[in-house]
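Relying on the hints, combine the two individually framed chains into one complex.
Taken in sequence, the protein lines are chains E and Z. Residues 213 to 582 in the numbering used here are what the first sequence spells out, letter by letter. Residues 25 to 396 in the numbering used here are what the second sequence spells out, letter by letter.
If you're looking for bench data, these hints aren't it; they were derived computationally from the structure. Remember, it's a predicted structure, so these values are computed and weren't measured experimentally. Glycine residues also receive a C-beta, built at the ideal position from the N, C-alpha and C atoms. Don't take every hint at face value.
Stretch by stretch, here's where chain E covers chain Z in the computed footprint (C-beta under 8 Å, at least three residues) [to be verified]:
hint	segment
1	128 to 141
2	201 to 210
3	217 to 223
4	349 to 357
5	363 to 376
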Amino acid sequence: MQTLQPTLRLGRDVWDRTAMPIEEFQDRARRLRDAMAKRGLDAMLLYGSGLNGCGHPTYLSNYIVKLPFSALVVLPREGEPALMFEGAARGRAAAQATTWIEDVRPCWNMAGTCLDVLADRGLTAATIGLAGLPRLVPHAEWSTLAAGLARATLVQAEDIVDGQRAIKSPREIAQVRHASSIVEQALASVAREPVPADEARLAALVMREARMRGAEDIRLLIARPGEAEWAFRPAGEVALRQSDTLCVHLGASWERYWSESIHTFVVRAGRLDSAVSEELEKRFRTIVAAATPGTKVSSWVLAALATMSTHEWEILDAYGLGHGIGVTPEESPVLAADSQATIESGMCLVVRAVLTGDRGFVVRGETIII
Amino acid sequence: MTRNRRKLDEAVRLMRQRGLDGLVVYSDGTCNILRASYLHYFSEMAPMGPHSAAVVSSGGHVTLLVQPSWDVGRARRNSWIEDLQGVDDFAGAISDTLRRLQIHGRVGLAGGLQMPHPVHAAMSRTVTLEPADELVETMAREKSPEEIARVHRCAAAADAGFDAFHRAARVGVREYEIVAEVEYAMRIAGADDNFILMSSGPHNKAMRAPTDRRVAPGDIVIGEITPVCDGQFIQLCRTVSVGKPDRALVEGYDLLMRAYEASVQQVRSGVAASIIASTIDGVLADAGFAEFCRPPYMRTRGHGFGTGSVAPGALIDADTDQPLLDQQVVVVHPNQYLPATGYLACGETVLVTATGAERLARTETRLYVNEA
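Here chain Z stands alone, though its shape is the one from the complex (with noise of 0.2 Å):
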């Protein structure tokens, strides 16, 4: 018996549902903001990879297979599947998997397309594999307890970041030496990981990697703070002006607060996610600034954030049709670059509940001043 058949049950009613005769949940070892880590969620592990998989067959029997080799005591302490391997050759070792637990047939892929074109042809000479990312989305659409505190915990991290990113936000402190703080302040309050792009001067045209820039007297600094806790994300995008905000900026970023407050008083269960986007959009192009509500100025209002799920996306446009469901994590930022004040980090990470959003971080979203 596995610790926890939670996940195991549901995959293979899942599976017989479509008719598969088994599961391949890979990994290439990536952890990437904008897609699902689909076996970081089934086996509760994160991989190093270069390969790594969960074999299921439609019986209910799973095997993890993990490199490196030397990996598979950390996979042991973590993971709840019982029945795992360090593989060397994991190409011949998925084969060998998939012939061992009797799975022919039609086989759903999730992760696939990260999937090396060797791996996948030594099982396609097997069985006939076919995509099922949706399968593992579907499971992870209802969140855990203990995903639900995760995304709590990783709150507390995006709020020590952002403290860190506003004290070090001042004059002579070069822009790398601002992510140095905020990635301490994060690591420090639980976050494993960290995802930090900034950008500093007194017009800023996006947000990118940092430089050896220093930040100079009436610079604006912003930043999207992003700490990572067993693969759940968090988001904070905050701008911090060093000396007094002119009058363009208080005026700027009093229009993104106002497109936030509106699009995030419109978060509920059940109702299309394109409603970040349409009303955040509709707040500045009420303001004059509908052109800069497109690319190559805008892409994205939003997404979800999930180890298992980026839903309702990786993507918060007009177009994302999908109703929020009750407990997605959604970032909702109306950053947005302006002619007057250059790009502005404005937004926070909700969880959507059937009555509305509920905030995640305590620091509040506002322009943060600090003495130039």
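So here's chain E without its partners, still in its complex pose (with noise of 0.2 Å):
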């Protein structure tokens, strides 16, 4: 789900070598190049940029952007990959112990520095595969790169990438379940709590006990069902009381890798109470156990739908049932009945429910693996 974006990464950043091995990096890598080689690329830009939309080049090379700024990730198909980022140069050693590529080069021209690399590499005039780009790439960027890959030609490859990233292997869903559990013990230890005085408060409480526990980067929004214009927002300096209902969403990474959730509480007595029926609980496992290996997402999507009442679907029609998670908080399949994906073993989604009843609606949501 889209939230505001910290100005800083400001987590735990540790690169555990044992749980994410540059084995598995290399991996990434020979699997592109496999698929580069089907389609005649000699190369391909894996570009990203910001805290949510870094995603490329930090799947293939464990670099992450702490401040919203871009990466760039240069892998010709034979030869060494090159990683640059937008950063002053006194930041290469700490990028360098981040990633296991070893061409590593801070910049403050993405576009002219990227030219160097391929220039380096032979290939200005090469048939070049593109990922993130022109997309994301800020447009002065894209002139620049544009005009000095005139002799080049330039194909659209994002969905390799994407592809290849929506499947998760073992080592990456080892590091999403721990994202998870990161967020469940943050939501639980507010029912633990007496209820605090505001929803900034509350925030301030969950975002500690994720951080805690080693969370890297942390989102988090509140929606109050209560309210007439009811949407997720930022948690504000508004009063918890009484038989309020507020739905918690919560997003935290651990090593790059991310899980989302939403629980809906209720304030009961000083306290904090799920507001989960047994209902709802059946009715999201019952959307979980259709999504199953080899179906639709358009399927599922329509079996989805059809446990939610209209009403319920216009709930979270502007959220949307789900989509995947990995090293973004939001990333491919997107669960919607137009989609052409088919759900696979490895995939890693964000699914949503919605239940009315007499005091309004619950939502819950969660990260799940498939």
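Next up, the structure:
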């Protein structure tokens, strides 16, 4: 789910090479190169920008942007890859400590640096696959890059990276599971404490719990089903009172990998109790159980919608039934009725469900692993 | 009528002065400590993104395009702009809005450095875009009483953050746990976002994101503690010695304090911003550390802070000639790598006035000591 992005990814920053060894990334590069060979690509450019949009370069390099800047990996079909990122030269050593790629180039001119890398490798007139370009690239950077690659053949190839990222390896799944445990324990922690005075304090408590458990990045939104023009929004200085119902959306990442959950609470006797009923839990489990490998996403979405009333679906419609999750909080596949994707083993999906009742509606969301 | 026409009137005046037919203030939804948040400043709403923009016509009409579309209610509550649209297809919506507001010809673009090519290309089919960051920077130069109040609120959060940093920097505590405590304290004190870098060890080389490392006896723990309140940043740079500091640390920090105090004494409106850097560098050079005042050891001695402006710059060095202006918010930090101690953090944020620098934080800048 889209959220406000922090100004800095400020949590625990560790590359555990046991959990995610270099061989994992080399395997990713090998599979990308296999796909490149099938399409006749000599190289690929994997571009990302900002804390939410840097998935492609992070997936291949393990490098992560801390500030909302951009990063780019040049992956030749043959030869060594190169990582470049927006930042000062003094950041090179820190970046090298987070990636297996040896050619690391901090820069303030991404397009020019990319052209230098391609020239170094004799690829300025090659057939180059693009992932994240020009979709995310600032106009001025793209103009420079496109002009510098006038002799090259540029081919859209983002689907290669999206497709590979969508199916997680066992190591990736272990990281997502860890992130999920952080999310669930952070949300559970607020139910153990007296209810805070307001939403901002509730958010502070949840985020502290997640950080203490090693969260690298955190996103939190709140919705009040009782509000006239309700929507998920950042926590505010809005008091929490007896009988208030609030939905808390929490996303957190652990060593690059995200998980997301939505819990609905009701304030009772100075505590936050879960508002998720057996009926909603059963509905949620029914939807999840239908997400089996080989099922078309479109068919699965229609089946999920059939478990909800029109009103319930309208509540969820703006946010959707869910999406893939991994090195970014939101990635392929989007769980929509017009999706062409098929559910496959190894996918990590955010799934949401809603149930209306006498006191409004209750939302339940969770990250599941196929 | 809008609730607050001051910004709109000023934007229209500046547009007409430049002969612009329209102005687009764009955001990709990111908040960067080194860049002004033009749309946040102009609309008074923190944009989520991935794309949002205010479109202003020279006739004084303004529309705010909001993504994600479900966030339009928050925009309605927070922004003074009354014509709001939640949009899914941003490139299509902004082109439609330019047509609807009858904006043709030359259009200023603020925040354009972050605008992705497809959006820029779609707009360029309708109008001729030209950079206009400085138009919003000009508007943001004079701070409103509300902005000054926010600066002080943010300073109080920074004090709370440093108290937490000081308390947490103890033997056995992991670096990321220190950051968790600092972030929590600043959120409780009113910060809605935080920028925290730190490092621990006997000889730190730079500030960075926290790791698993546990604080050990004899460590020096350094931190850049930066709460954000509705887009306004305040920064404290602080050092804690875990255990009795040795002579090198005491003398090194004393040197940094002298550099800090000498530079802050120079701060007042009208003085060239470079004075901050040259004064700090001068004190350090006199002590024999001139070579450590240059890259790769040092890059900047401070920078401006503000939602709409980072004036006098995102980097204040000996070449930054712009004069400091009244009511600017500037961090002055003689953070320094010294061979005997490693990197030390020292500095804080001040408000520039006609008579000098007004300290914003309550907690003082000095070397703090915790028991080992």
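Going through the numbered hints above, which ones does this structure break? Give me the numbers in ascending order.
4, 5
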